[in-house]
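**Q** Given only the sequences and the hints, what does the whole structure look like? Please build it.
Number of protein chains: 2
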Amino acid sequence: MHPLTRRAALAVSAAPLLLASIRASAQSDPLPSWHDGAVKQAIVSFVSRVAREGGTDFVPPAERIAVFDNDGTLWAEQPLYFQFAFALDQVRTLAPQNPEWSGRPPIKAVLDGDLAALAASGERGAAEILTATHAGMTTDAFAASVAGWLASARHPRFGRPYERLVYQPQLELLNFLRSNGFKTFIVSGGGVEFIRVWAEKAYGIPPEQVVGSSGSVRFRQAGNGAPELVKEPKVEFVDDGPGKPVGINRFIGRRPILAFGNSDGDLDMLQWTAAGPGARFAAILHHTDAEREWAYDRQSHIGRLDKALDEASAKGWTVVDMKRDWRSVFPSEP
Amino acid sequence: MHPLTRRAALAVSAAPLLLASIRASAQSDPLPSWHDGAVKQAIVSFVSRVAREGGTDFVPPAERIAVFDNDGTLWAEQPLYFQFAFALDQVRTLAPQNPEWSGRPPIKAVLDGDLAALAASGERGAAEILTATHAGMTTDAFAASVAGWLASARHPRFGRPYERLVYQPQLELLNFLRSNGFKTFIVSGGGVEFIRVWAEKAYGIPPEQVVGSSGSVRFRQAGNGAPELVKEPKVEFVDDGPGKPVGINRFIGRRPILAFGNSDGDLDMLQWTAAGPGARFAAILHHTDAEREWAYDRQSHIGRLDKALDEASAKGWTVVDMKRDWRSVFPSEP
Numbered sequence: 001m002h003p004l005t006r007r008a009a010l011a012v013s014a015a016p017l018l019l020a021s022i023r024a025s026a027q028s029d030p031l032p033s034w035h036d037g038a039v040k041q042a043i044v045s046f047v048s049r050v051a052r053e054g055g056t057d058f059v060p061p062a063e064r065i066a067v068f069d070n071d072g073t074l075w076a077e078q079p080l081y082f083q084f085a086f087a088l089d090q091v092r093t094l095a096p097q098n099p100e101w102s103g104r105p106p107i108k109a110v111l112d113g114d115l116a117a118l119a120a121s122g123e124r125g126a127a128e129i130l131t132a133t134h135a136g137m138t139t140d141a142f143a144a145s146v147a148g149w150l151a152s153a154r155h156p157r158f159g160r161p162y163e164r165l166v167y168q169p170q171l172e173l174l175n176f177l178r179s180n181g182f183k184t185f186i187v188s189g190g191g192v193e194f195i196r197v198w199a200e201k202a203y204g205i206p207p208e209q210v211v212g213s214s215g216s217v218r219f220r221q222a223g224n225g226a227p228e229l230v231k232e233p234k235v236e237f238v239d240d241g242p243g244k245p246v247g248i249n250r251f252i253g254r255r256p257i258l259a260f261g262n263s264d265g266d267l268d269m270l271q272w273t274a275a276g277p278g279a280r281f282a283a284i285l286h287h288t289d290a291e292r293e294w295a296y297d298r299q300s301h302i303g304r305l306d307k308a309l310d311e312a313s314a315k316g317w318t319v320v321d322m323k324r325d326w327r328s329v330f331p332s333e334p
Numbered sequence: 001m002h003p004l005t006r007r008a009a010l011a012v013s014a015a016p017l018l019l020a021s022i023r024a025s026a027q028s029d030p031l032p033s034w035h036d037g038a039v040k041q042a043i044v045s046f047v048s049r050v051a052r053e054g055g056t057d058f059v060p061p062a063e064r065i066a067v068f069d070n071d072g073t074l075w076a077e078q079p080l081y082f083q084f085a086f087a088l089d090q091v092r093t094l095a096p097q098n099p100e101w102s103g104r105p106p107i108k109a110v111l112d113g114d115l116a117a118l119a120a121s122g123e124r125g126a127a128e129i130l131t132a133t134h135a136g137m138t139t140d141a142f143a144a145s146v147a148g149w150l151a152s153a154r155h156p157r158f159g160r161p162y163e164r165l166v167y168q169p170q171l172e173l174l175n176f177l178r179s180n181g182f183k184t185f186i187v188s189g190g191g192v193e194f195i196r197v198w199a200e201k202a203y204g205i206p207p208e209q210v211v212g213s214s215g216s217v218r219f220r221q222a223g224n225g226a227p228e229l230v231k232e233p234k235v236e237f238v239d240d241g242p243g244k245p246v247g248i249n250r251f252i253g254r255r256p257i258l259a260f261g262n263s264d265g266d267l268d269m270l271q272w273t274a275a276g277p278g279a280r281f282a283a284i285l286h287h288t289d290a291e292r293e294w295a296y297d298r299q300s301h302i303g304r305l306d307k308a309l310d311e312a313s314a315k316g317w318t319v320v321d322m323k324r325d326w327r328s329v330f331p332s333e334p
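In the order they appear, the protein sequences are chains W and L. The working numbering applies: residue 1 is where the first sequence begins, and numbers increase by one. The working numbering applies: residue 1 is where the second sequence begins, and numbers increase by one.
Careful, some of the hints might be misleading.
As the list makes no split between identical chains, a pair holds if one copy fits it or if it spans any two.
[Stated by the list, open to error] In silico DMTMM-like cross-links for lysine to aspartate or glutamate, where the CA-CA straight-line distance does not exceed 25 Å:
| # | residue 1 | residue 2 |
| --- | --- | --- |
| 1 | Lys183 | Glu63 |
| 2 | Lys108 | Glu232 |
| 3 | Lys183 | Glu200 |
| 4 | Lys315 | Asp140 |
These are computed hints drawn from the structure, not numbers from a lab. Source: prediction; values computed, not measured.
**A** Structure representation (structure tokens):
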């Protein structure tokens, strides 16, 4: 056999093997929606270093705590926080049962579809809308209203259920971390009772691993003697900015070794995580993809990323560029 | 062979088998420190019912949440709460660095060993002692002081480290629950930052599964720019009485199916747990054993068990009688 023929024959006979090996490698890629590059490499390298027993960066499984911001980090947050979209829809749903609402300017603005008046009501107006829709009911009734809304509401731009606007690459990252012994937590400025309703189904994160902002809750015996928990119109804890490391301490009681955020509200959490001893991973998702999602940072009202972007650059934290680093953004539709 | 001889021969040849079977059964008893009886049977029956797939009482693993009070339920609480024993020792340890303390009556009473004066200072005095020893330091420094105390302090009656006054039967129960897919939580009136230091080693319960009372914590940048969390002299949350179901909702976000307490401070948690749908288990540890531990209930200043004992009887909750139901109380000394 001529050497070239032989090489060709070998190549042909090896082809199925080669193909199988490529397939195996594709299957074993834990992050298929992440483009190959420095960012993906940094993630995989960190995880394998802390999980390698006997290695200098080894971290015992119990200490492999990973924390993720939610809005803008695990799911989208434009054109307004999804929890606020829920609140606006609830105002419209509940208005017939609450005729007295028509005398309250921010609520009237929502019912009239008068966005200018709503914007003019500012933070106090937003707080009034959140209180009206998030308090004065049992925790069970509130959870049921969130579940009902998620089942029917659609995002104005994408026409999808909000739960289908989670980020596919982050779902893969959460799974990759868990399969390497990490315990994954949400640490969100959003309301903890809102997120817990759907986080387990959407992210595989159970209620007890969700840290968030909360209102006061009161325990009482209902008329029929059954005990119940009632949501009260009083903010109890704001899990944003310096509240994030405080919330981590309060709920988790252990400093994370990995933190992932997307805005200045995550900066303290990233600092707290990065400043611990041993191997650390701090990452920021930079929204750079107006075509597939949105592009915003320093000037945005929602998810402003300014100081944290500077600090990431100064401290060498990982900055994920959505457009460059993500092969896909949302899960493909079934 | 004579029939009797044959029977004897058979008996002799069967003896090793029989012995092996007894040994296997002893090894497979998950609760060897619990006497056989109605209480042990109720526990084993409940756990196997909720864990049996396809059974009418089946509960998915994610919902198998078990909550335990700590003081008097998982470890002893006499002659005074161990956390308060820590605080008194800390007053003595820290007094030389805090000469101004001598002007504060409750602290002076501790330093003088004047228990009558300390008692006279009442709840305000106790709060002053707790504040002096539990605030004004970083969370890391506090955890180190607790660990240091545990390593050296000995219980006045038993001469053991306090961590060795955990209840052996409860350690077995926690393990039994976990091996049946339960997630075990502490829900304690004690300080969460105190318990988290040693709960993982003592009970196999990680920090993120400890719910407790807490003081405010503030995030700040230290002089050297390193971020730190500082404990402030302000009570933030009291995880006792109606605070227990509130704490469960806040930290766990899911109603437990099993709750275990020992005092009236656990009553609301037991009610909240027992009132949920499906199979439920509510249990109270009744301290009835003055010889091996202590006997106290309706009249006790610490761990008073009065209303909850009546309600347990009315509702058919499980009441564990320490003297009758526990083969041993504390772990055997190494």
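**Q** Hint by hint, note whether the structure agrees.
**A** Going down the list of hints, with the structure as the test:
Taking the closest pair of Cα atoms, Lys183 and Glu63 come within 25 Å of each other both inside a single copy (8 Å) and across two copies (18 Å). Taking the shortest alpha-carbon separations for Lys108 and Glu232, only the intra-copy value of 22 Å comes in at or below 25 Å, while the best inter-copy value is 42 Å. For the homomeric pair Lys183 and Glu200, the shortest alpha-carbon distances inside one copy (13 Å) and between copies (16 Å) are both at most 25 Å. In this homomeric assembly, Lys315 and Asp140 come within 25 Å of each other (Cα to Cα) only across copies, at 24 Å, whereas the closest approach inside a single copy is 44 Å.
Of the numbered hints listed earlier, not one is contradicted by the structure.
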